[in-house]
Amino acid sequence: MNLLVHDAGPQTTVQDLGRRGTLREGIPPSGPMDRDAFLLANRLVGNADDAAALECTLIGPRLEFADERWVAVTGAAMAVTLNGAPVPRWAALQVKPGEMLRLGPAAAGVRAYLAVSGGIDTPLTLGSRSTYLRGRLGGHQGRALRKGDTLPLGPPSGGAPARVLERFIPDYTEAAMVRVVLGPQDDRFTPGGIAALFEAPYEMTPQADRMGARLRGARIEHTRGHDIISDGVALGGIQVVGDGQPIVLLADRQSTGGYTKIGTVCSFDIGRVCQVKPGQRLSFKRVTIAEAHELGRAYRAELDHAIHWEETP
Amino acid sequence: MGIYAEPRFLPCGDLALSVELGDDINREVNARVLALEYLIRQRNLAGVTETVPSYRSLLVYYDPLTAGWDAITSSLRALWREARPEVLPPARTVEMPCCYEGELGFELEGAAEKLGLSPDEVVRLHAAAAYYVYFVGFTPGLPYMTGMPERLNIPRLEQPRTKTPPGSVSIGGTQCCIYSVESPGGFWVLGRTPLNLYDPSAADPILLRAGDHVRFRAIDRAEYDSIADAVAQGTYTTHIEAPRHR
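Heads up: the sequence lines are chains A and U, in that order.
Under the numbering used here, the first residue of the first sequence carries the number 1, and numbering increases by one thereafter.
Under the numbering used here, the first residue of the second sequence carries the number 1001, and numbering increases by one thereafter.
Note that these hints are calculated values from the structure, not bench results.
Since we're looking at a predicted model, the values are computed, not measured.
Even for Gly, the Cβ is constructed at its ideal location relative to N, Cα and C.
It is possible that some hints are incorrect.
Chain A regions said to be covered by chain U (calculated; three or more residues, Cβ under 8 Å) [as the list claims (entries may be wrong)]:
#, stretch
1, 94-106
2, 124-137
3, 209-218
4, 230-237
5, 244-257
6, 302-309
Okay, chain U solo, but in the shape it has when bound:
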């Protein structure tokens, strides 16, 4: 288990390939994925048109007229040798206010019952943990995070919801995610953040990025409403801690 001795190059049609670096979800493998992406972008690797990081692999879109299969895989292999976590710039820590009360955390009680904990205990454990964003995807700006204590590991919903409100902070398996747009969902919704994970009207529509650290701050409904107002008026400033080394 863990990091492969050599990367696997998996074809994804005529314009993309997946570079798979390991066989499980862990921070070390993911840091290498992000490091490989970082080096590709920094050096403008010939032929690469776009990259998409995920837990343990990097999807690389390429132009076969500039770099064919042999050329692109050999240049990626060379870069992979350098792709160590130390090459990455320092990560930032983003504070996400989260209200766990009432309708905003509409599955908190169900999750607590499933976990054999009190709702207050679930909130305390969830809000105290330090989270890490492996990647952003599925829908615009949706962060895939881990960092929860083991006591919050929970099977996904048996019947996925067809609609989840944006901002819903939710857990499933060992993971935590925040829904960014109204979408179906299979994770338990514990609360909601008033911040926009995705704002199509903003010049930079995405709040969280791969490699970010995230902390939740439990807020009450009154503070949720006041932050939501400030966000709507564009006067809210997200709390971002100075970058720190990984």
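Next up, chain A with everything else stripped away, as it sits in the complex:
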């Protein structure tokens, strides 16, 4: 059974948790930009965490269902309607054959996730269904969805009424604060340069995509140039080039690069960076590796309690 795309939106892609082991060949992992919103959407409809779902950017798609499914929309605040009637986000919904689900423009946040029970069943490429747009790899024919596409769905796994608890639903209109571990090249910046990163907030620029997000704010001063001998670029790496402005490197990042990286955004805050709209601000908070490990552990344990399952009669 499948899903018919009536309108695709500007950039709707199939994503699962991403590829593993291909960075050494220059192929990024891809996968959802906001991993936690993605996970919650899958969990709401009874899918495994690594089932493929849709990532919708800025404006969502309009989709028709061929059979009965559970669906859930999380992430960016895109108004959702089912056959024209508003329905809640961050909750499991039942759709019937022939019904039309529509995700509107994002009032807040950038990326919404639409999970369908059974998952999107496009072929595995290098072990993953994630779309890598620049490499024309994976997902649906290696590209973003277009009007008229038909997506295969896996066998539905059941489902039950469920919603995400209020306290786990982020307010994307608030200024974001993300945690950063210094390194790998923090020794290439002046004390003033490092202080600048953590002092005042930075503004998201329109130069932000699945590869990286360019920010604008106080100049981050180098000690001796911004070139290094090219090395691996970790998820969340904050690259600072000659203009002293930071670029946070994301899911579709280059595997290696030749510019200094002052620090790295912690994995549990990457999703929040990816929901900041151009013109919105975000600030960086310095943490140690030990603190980051503890925060990450606590955060992931907490996320396991984010969903409230309604009583079934």
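Chain U: place on chain A using the hints.
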């Protein structure tokens, strides 16, 4: 200069660290990076989820719930002591046909002028050298290579191009690379190979790998076209010489 007495462990957030083994670009340091990666993979080192080699360092992604900072750095340090070039399996040599003619080598004349050589001399020097792939990265399947004679050392372009055709064989500094997808570029394009460095439709999309040896074979436009056709039809077999010891 060269190999550090002890590896440096540089934090890269909560899920990765960079193991830096030396302070310059040389084959000896790189062979140790590749050897360390090889041993990690061979032994399934606990906690490691992914590795990315580069010139002189290995980026190691890890799961801190399996191995925290102290555990992962101490097991990497122990493995580093064993990570000598001899542990690596024999390397292969891949032949890359390259056409240096006309529009395919659209910066050959500019590079020749900059180097004070004739275009023919640049082609002869470039095609005669033996290259070594330090690592593959930046874009899918892009090899970072050295091996050029000193006479071909050339500053990078002052104004990088916004688009470089895939397959463009190019030089900058002491390095040679082959662009794998259409991308910006700061190296001088001397020619183009009809082979796919990256083919997303293939089961194994990557042609060259870290540690490979590469030889270029100068071809004319007619042969370029005929190889390109064979590649498109899936009938071309890349020439790979029997593995040899490093």
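Which hints from the list above does the structure break, by number from lowest to highest?
Checked against the structure, the hints that fail are numbers 1, 3 and 6, while the rest are satisfied.
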